[in-house]
Each structure stands twice: as structure tokens, then as C-alpha cells.
Amino acid sequence: MTRALANARVLAVARFAVYAAVVAEAATSPDVPKTVALLGASPVARAVFHVAGFGGLAFVTALALALTLGLIEWRARRAGSPAIALCASLLGATCLLDAAHVGDGATNALCFAAFLATFDLRGRRAIVCAAIVTALWCNHSVEGILAPAFAIVFALGPILERAEQSDRAHAQLLALASALAALATPAFLTFPAAAWRAIAFDNALGDVLPGAPAVTAPHAYYAGLVLTIVVALAIGARGARAGDALVFVFAAICAFAKGEFVPFIGIAGAPLLAEAATRIFRQPLTAPNAARTFYAPCAATAFVVAVVAGGVAGIRLPSLAATTAAPPYGVLARYARDPARAGRLLCTRLAWCDVAEGTYGFAVVADSRIASASDATIAAQQQISGAKPHWQKALRAFDVRAVFVDRRSGLATLLVADGWRPYGVDGMGALFTRTATAP
Amino acid sequence: MRYAWLVLGVFAARFFATAIAFPQVDGDLSWQRWLGGVERASHAIPRRLGAESFAAVGANWTPQEWAFSLAASYARGGVAWDAFAGAIALAAVGSLAIAGFLAARRGASPRAIALCTAFAGIALFSSFGVRVQVAAWPLLAAFLFFLDVDGPWAFAALAIAALWSNVHASAMLAPIVAGLAALGALVDERGFTKNVRRLTVIALGSVIAICCNPFGWDLPIYAISLFGSPIKHYITEWKPTELGDTSFAAGAMPLLLIALVFFAERGQRRMRDLFVVAAFAFLTLSAARNIALFGIVGLAYVAPALTRATKFFAPEPPATDPRAERIARVALPGIACVLAIVVAIGLLTSEDRTEDNIGQHAIASLAHLPGERHVYCADFAWCSLAVGMPHVSVFLDGRADPYPIAVWDDFLKILRPERDWQKTVRARGIDTLVVARDSTLDQVVARTVGWRQSFVDKRYRVWEATRVISKTRSGG
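Each protein sequence line maps, in turn, to chains Z and X. Under my numbering, the first residue of the first sequence is numbered 88, with each subsequent residue one higher. Under my numbering, the first residue of the second sequence is numbered 661, with each subsequent residue one higher.
Treat the hints as calculated values from the structure; they're not laboratory data. Each statement offered as a hint is correct.
If you only want the chain Z side, here are some residues facing chain X, beta carbon under 10 angstroms, derived:
#, residue
1, F288
2, P305
3, I316
4, A344
5, A363
6, P476
Every residue, glycine too, gets a C-beta built ideally from N, C-alpha and C.
Just chain X, with the same shape it has in the complex:
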């Protein structure tokens, strides 16, 4: 880990600066704060969509983010926000540190860990933000860490799985990963050995552990249902990975390419490791949201392979030259500190900090509109900011998963917009549209009688219906 700390320092500067000082990357944090507020007020977790969303009132909902939302509801500004956002940044850095430790434990050299940490850190970039999935990253790393232990400490993985299921539904991966490791160990050790028995117990125990949350087995069922859900086509993060994703091209892909050449080895844990890495490689290639997960797994498993296979990355002999020792002790941390400061200053002075990417002002303008508003947002993430606003009910928001497919179909009909989009708008009782300025929908609305602009800025426009629209509320 000697050099990896330096790399981690630079990434820490980036993650802390963007988490604390940058606007939210999507609208999720807004509805999560609202959810936390509801939990605090009612001392219960809502299990159905309410009047805050008029298109699917009463639809089943598994708010897997309940714990994160509760914390987020306290962190609305000031020191509380700094602490909360800082904790999320720490989770990202922590996941790299734990994976790095695991790599070191498996025999990776400091050089190999540093290189793979750099790639893994880049792999985290595109998914990073003050987001619930980031809080789950260190839990994945910790689960892998304990799973790798050949001893009673391995059972700590069960506690991690239980904790993970209270943070994010990706906890579903815990029994799968443990099961694959058990299967691999069975092949490696050619019998039901002590290791195989322990991993099998962990795999089966993880199935129970991930039910140790307020939703019980609803959580794994919900997570499984997501795999085949058609709504994935509408969500950018679920799109298949491609070379255009910087986090893939400069982060996960280099790790994967190194693994392609150097990973295979006829060691004692050949299949055990192979099954885990291959599973995450498949996940990465199938959806962009898994790039970060492969970064963490790749760091832990690829760095040792690189160490074994190449001379340059082989463990270094102890330094005999005092000058080299001084450089390692003083100069490298110094360079890392300078780089970290440069990165932080660069980010804090960047114009991106003040950029409104989720229509904050447009959504805020809804508060000034008269009467009850039924709002459609051309990007459903923007409507997350309106969840819980007085006199506002949204058509579809960033909670996404609980909305029935019929709502998604109508969402698309209006977004394109298809020729009979107005019929859908009327049938759904939508009276306010939040759109990107000059988008196709914006141009079509501008050519349609019955709408007037109530707000406009450089990037967004709000249209309100000028005549009474029959509000045939459909429950989706």
C-alpha cells in the first residue's frame, strides 16, 4: 500500500471536493430527504407511493434507501451537510483502501496496488456523487475482504451483508458472490473441504443476512425483479457499457485488459477467484452502473495477478540507498499533497459548481403557480426535486422503480412526443410541463394551443396549461 496512499490522497481530494462543494448529480437526494422527513414524522417507512405522485398513487414501493434517506434528511446544510457529504466521499475512498488492503493481503506489490488503485479510482468517477450506491461500495469491498479470509473471521461477511442490505439493494450480490466463491473452491479443492463448507455456510447465511432489514425478503425479491425490469431501458445508468464511458475506458477496461492477459494462473484459488472476477466482468459489460463495482473487485484481484506475472511489478527488495528511501518517504507524499491541492482547487474554482443540471430554478418556480399542479418533467430525475412540494404532485420522479410500466410508456409518448401526446397529457391530467429549452417537446408545445410559458432560463422552460384540463386521474 506504500504508493497507493499517494494515489488515494489525490482521489480523496477529488471525491471530497465534488461531494461537499458541488450540486447534486441527480435529483435523488431531494426525494430521499423527503423520504427521511416522512420516516422521522411517521416513525415508519412508507411502502406505497402517495399523493406526491399522481400517476401511481398506491403503487408498491420498496424504499431500500431508507437509512441513507434518514441521514440525508438531517443533512440539509452547514456542518451537517459537510459531515454527511464527507462521509460519502470517505465511503468511496474507503472502498478503494479496503480493496487495496485485500490486494496487499493476497500478495500484490505496492507498485501494482498503486497502478490498479489509479484505474479503480477512475472507474468510480462516473457513478460518484452524494448517492446511496456510493455508501454501499465499502460494504462490497469489506464483504470481499472477509470472504477471502480462511478462518472464523470470514463469518464477519454475514454481518457486512446484513448491514449492506440496510443501505442498498445491491446487497443481493452478497449471496451470489459467496456462492460463486464456494463453487470455485469446490472445483479447486476437489471435495467438500473446510474452506468449501465455510464458504457454503456464508453463501446460505448471506441469503438470510440480506433479509435482515425492514423489508425482509421483499428486498431480495425487489432486487431480482430489477434484473428483468423493462424500465431499465429508460434509465441511463442501466445502458450497456461502451468505450465512450470515461470510467470504463480509462478505469475498468485497463483492469479488465490486464486481467485478460495476466489473471489466469494455476494457483490454489484459481476457480474461486475466477468465478468472482468473471461475474463482475459480465456485470460491467452489461450495464454502465456496474463499472464502479468492477473497479473495486478488479483492484483486489488483478493487482496480485500483475505482481505475480511481471518483473516490473514484482515485490521490491528493501531499499539500500538512503536517497531512494528519502524520496519514498518525503518526496512522493509531498508530490501527492501538491497534486491533491491542485485537484481540489481546480474543482472548487470550476464553473461546473454553479451549473444547474437538474432544473432547480425551474422546479422552484412551480411553488409560485396557482392551485394544485400535476407536473410532468421531461427528465424524470428533475421531478425528484418537486417530491413533497406543497400543491405539487409529479407524474414520474427519480424513485423510478415503483412506477408501473404503463406510466413509463406514457412518459415516453409525451417525451418523444408522439402525434397523440396531447391525448395522453389529458388522460393523465397533466397541467404543467418542465422541459429542456429548445428540446423537441419544447418546440412541439410552443406550436400547440393551450399552453403558456410560466418560467424560462438558459436551459429550462416551464409550460402551464391555460385551460382547464379534465383531470381523469389514472392510477397507472
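Excised from the complex, chain Z in its bound form:
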């Protein structure tokens, strides 16, 4: 009894360690452009920011991450011991490494985890929950369009494994409910097509908006995705429901496609792998066994919490106002106050325009939501950023009076050669303004 209690304590400490590490990461490492973009896109985020500042947003992000980990653990607990379930949430946490910032990554992860949790429910409750989660997700982010896609993939499972008619019908109804709920947005019927375009699954905008997971989510990719794949190769998804295995495979494809989707492979895969691990150990591990088998991961996470705790005293929630005035944005702040400011601003890094638009109110050609922009806007952004033939014409057509570029880029050299005025350099950014002589 005493031993079991001690092991339960070890697990509690380990769980606390994992959650604390994620929360500390979310609160202390702001991704300024994503924060500003979130504030621009979400009235709820704006309200939170208005009431509680950046700390409030960080708290909401941390809460979303903790709930996501909780949902992963809850799903893993279906067939596994507490220790295996904790390892599953640890695996999920590695895939969330690059989403642990204020932005929509954490909330998307939560929506996805909640949506998958509805697959484990039965009856009408599951269908209603799936519809509600889909509707909430679609109203929160364009990534919500993936909910019906995952539901359809899940519905193929019972068909493939020739499950009972009631199971097949349930999965199909769930997919139908999710698909219909995806229309419950202000865009109604146009939402699916617009959202699919906006998530840019095919990464056709790669030259202006990098999407390769190894570039945009390097930590989650190399630690989380690779680890999940190695664990899956080791213990596999065999024995799991076909629907769950298909969802895992689809989540893997999504993770290979874009950095934003890397958390999906952990969220979908970790519970599945926990189930397989339990099968390999032949029986659900009891707490004493579990603690012995998973002593190393528990000790590792305890170490992490010790390191985090060491830095707790030094944690200062960053001020958004200060970070949006720091390099490279300082020059934008100066230009924003300039009475001569006019026309549109173009940024070669779209995230910079998130800040320019959201913080300083610039009219920009495009920001990181470019996938939703018109074809002409996308073409102009690609043409100008890449200094492709007739890029000057595109600048004129979009009434661009200021260009914010990498100071070492070829476009900066061309702008100088064409008579644009170097307005200022800040960090890696350089701002150029149009002069009368510029073509």
C-alpha cells in the first residue's frame, strides 16, 4: 500500500513536471507575429488581452496545452496503465513543442484532441459532441475544416474491418454531423472551399510562406514527429481499431505537409501507441510495475521540472508593447509616426506585416493569412518578394509606398538601385520608401 502510494506520487510529480514545463514555455517565449495575428483575428483573444494583458493570453495558451495533454492522457488511459498514459502525454508534449507559444497553435491542438475524444464516445452524445467541437473549431480557425476530413477517414475504419452495421452507421453519422457542423460559420457554404485554400495544405506558397515542418516547427519535427515514428515502428498500431489507425496515418500525412500540423501526429498517435504498448506488456501494468518500467521517463521529467523551477524566480512575463517595438519592428514604429506615411506596405516576411498591420495599423499587401488572399495579391507578393520580372509594375499596381525587406536581400539592393529611399535599418529588417524618381 505504501509502495503503491509512493509510485502514485512519482507519477503525480512526473505529470506536474510535464505540464509545468509546457506552461512555462508557453508563458515565457512569445511569438510576437503570431500573438499579434491572433489579436487581429480573434475577438475573444482581444478581450482576454484587454482584461489581463499578455499574461492572460499566455495563461489561456498554457491552459489549452494542459487540457490537450490531459485529453491525450485520458484517451490513453482507456487501455493503458497510468504510467503508460503519462508517457503518451509526454510523447504528445514533444509534438507540441513549437505550438507552446501564444497563437492559435495551442487552441487548434486542443480542438483536435477534443474532436478525437468524441470518437471514443458512443451514441448520440458522440455525434452531438463531434458537431459542437467541429463548429467551435471552424469558427476559431480555418484548420477546423480538417475535422470532417478526419471524421471521414475514421468512418472508413469500420467499413474496412467489416464491423457491425451499428458501428459503421455510428461512424458515418459522426462524419456527416461533423461535415454539416463545418458549415455553421458566418461564411456558411463557402467556408469549406475557402478554409481548404487558406490552410494551403499543398504548400504552394512555399516561396513566400515556408510550410516545411522541419523549417517551421523544427523542435516538434525532430523531437516529436521522429520520436513518434520510431515508437510506432517499434510497437505499431496493430490491434487498434482500423479507424484509429487510419486517423493516425492521416495525421502523419498532415504532419509531413506543414509545421502547424505536427502536433496532430502526437495527439492522434500517442493514445494509439499507449494501447499497443499495453498489448505488448500483455496486461495493463499495475502501478508498482509501471513505476519500475517507467522510472527513467519519470526521473527525466522530474529533472525537467527542477530545471524549470530553477528559472521560475526569473520568469518575467514579456510585455507585448516592448517586443513589438524591438528589432526589427523599431523602424516600423518610427515610420508609423511619420506624417508622410502613405499607401501600402509590403513585407518580404509575411509575419512582419502581421505586426505592422496589427500593432501599427499599416495597410499591407499581404500578411501571413496570404493563402486566403486573391490570386492577384498572391502573385504580386511572390513577384515582388522574389524580384521576378516586372516586380516594379506590381508595386505600382498595389500602390506600395514602403517595402520592409531583409536588409541583406537582393531586393534591398535593387530598391536602392531603383532610387527608393532607405528609411531605416533595424536588426535584420530594412525599410525603404518610394521616391519620386523610383520607377
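With chain Z fixed as given, assemble chain X onto it according to the hints.
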């Protein structure tokens, strides 16, 4: 292998047609031919960059491609070229065949092998060309084949490793793969059994075997240094794999996804196989150049797993219906032949055959420029064509690895081009630029005094300096 031959036939048509009748995919073959010529003339392998490259004269060089280069120098055209290019195509097909044999030996059904061969073949597409790494593919497959043998024949893997090290530096993988297999066997068999001892000897022997080449241990040291080399950021093939790579999306990724679901099994060789497959999965996800390697490994290891795990791919019972037997014997090979012919004709009539993707005409025009030329190419692969040209010395070429990082930094400064690019051009003594037409650098040069166009075609332009540039040769 029954159905896999049909798939192989179609891939063979593709590989032979593109190898023999298509222009080279990058400039490497040009400098490799030059290297082979130097080897033949001097009866030695150069170990330092010479005057053919003015930016890094005397820099250490490990020309791992020495054997391939020697063969390439004989194959400049006609029958010799057909035979050489055909041999490279055969190497690609051979690697699939050997991996397929290994899969069959491990119990894969004909259907599973055929499906996985198709994915593996697609995984080879993006890296395929008359290139030295292609010659190394069958050696990887053969190494895996012998490593899998539980008997004295397994030691043949050592000979393969030695041969491999004379073809390509990827031979470095041999001791790593053997070591992982030994470690896996140790876990599987829970003791230092006969299998574990043999695999350990092969792993240690492979370390020695890969030094059996003209460079000795310099080759593995060179290969290890590449892993942490910053120049990888500048080379497309080293970029991280993404879904946009067709060879990954339609070749390696399906194999990986099948493995994710079906590979794990509590068999006698669970860890031994797992360690090897996981290592190549990691390599594939970290660099696009490894997609082909995972294709070969995936075919050998994933097809048996698919056979074990699914009814559809389970071994078929012997055919009892004579019609089905006739279809298998006549109709399927017939369809494969037709497909192979269609693929070959399609490729041979394609416009890609005549496309100049490496600035051949622009580089050829350098021969008509007066005096000694110090040439900078906006894509360093193009300058490979100029290596060894009389009166021409290049800034950076497709040999890439031996060039110091300072040369790469300056290469980028000019390529972007940064505001002080002219200073770098002057400091390096560059007097000729080969650029893509209408690229950023082309536009900047057009706006700069002191350069005039000496050649232009649909895609490329050559600029030469109009005034004397102080040639402060810097050794990099």
C-alpha cells in the same frame, strides 16, 4: 518476385531512357570526367583543388568519386556513353531487384513485393541520373542482403563495404547499419549469441573495410565531417524532406506509413530490423537525398511486414485455374512490356530531353572570351561544366565539399546580391558572371556600371567586367 519483375520492367524503361537519352541532371558529370582525365594523365588522384578553381587553390579534397570519374572519362559519347549510362540505370534497377530478393527471402508475398517495389522505384526518381550515388544503391541493397544472412555468407558484406567505399562515401553507413543490427540482435537474443558475435564482427570489420580505398581513413572522416558541415544549407539535396518532394510523397512516405501500422511485430528479429528501419526513417526525414535509400530499405523490410499483417497480401495458394495461370504468365508480362514501351517512347519524345537546365551554351560561350577568365556561376553546379576549360578558372563548382566556408559566404553575398556585392566581386577577382536571365543578380548587374553582356539565350546570361578588376586572389 513474380509480379515485381513486371514493375521492374516499367522502371527499367524509365531509368534506361532517362540515363542514356537525357542531358545530365546536374553538372557533376562534367567535373567528374575532368577528374577521370587527370587521373589517367597523372596516374594519381588529386588531393587538393588546383588552378581550375581560383577561390580555393590548395584546399584539401577527398575525391570519393575517383572510380566513377575514371569510368566517366572514357564514356564521352557513342557506344561507350550508352554502356556507361546503361550501367548506371542497371544499378538503379539492380538495387530494386536485390531489395526485392531480400524481401522474398524474408517471406514477402509476390503481391507485397510488387506494391513495395512500385513505391521504392518512385522513391528513386528524384535522385536518379547518371550520378555516382546511383552506383552506390545496389551496394547498399547487397550489404543489407548479406547482413541478413545467418551464416558464413554474411561476411561477404565486408567485401561489399570495401567495394562501396571505392564508389561513394555513403559507405560510411555500412558499419552504422551493421552496428545497429548487432545491437538489435543483442536485445532480441538477450545474450552474446552466435548471430550477435557475427554481426559485431561485421560491424567492426566494416569500419576497416570502408578504409580499403585510396584515401584510407580519410574517407570515413570526410563522411563524418559532412554531417555537421554548414555547406549542407546551400545544397538542395540536403534540404529537409517535405511533402512537396514527389519521391517522398508517392514513394518513401507510403512505405513509411505502411511501416507505421504494420511493421512492429514480436518476431525473433524485432529489434534487429527496427533499428535499421528506424535509422533510415530518420535519415529520410532529415534530408531529401536519403529518400532513395529509404525506398531500398523499405522495400526489403516493409514488404514482409505487409505480407504478415494483411490477408490481401498474404502468400497466394498455387493456382488451380489454368486461365488464371495463363493470365499470370502471358498477359501480365505483355501489359508490362506495353507499359515499358509507352514510358520509353513518352520520355524519348519529351521536350525535357532538349532542355538546357545547367547553362551548357552559356558556359560554352566562355571559351570565346579573351584572356584568362575568373568565372562566378549563380548556380555553382553550372560551373562544373567549366572545370578544366582552357583559360577558365571557377569560383565555386559542383565539387562543393572541399570549398571553405568563407567561399560559400561570399558566394551567397554575390548571389543575393547584398549591397556590397561588388566589393566581394573585386576582392575575389571575379571578372565573369553566369546568371539566370532576369534573376535578382541579373537585374542588379544590369543596373551596375562596369559590366557588359557577352552571351544571352532564353534562360541564361553571361556578364563580363568591362574594366580591369584588381585580381587580389584570395586563397579562401
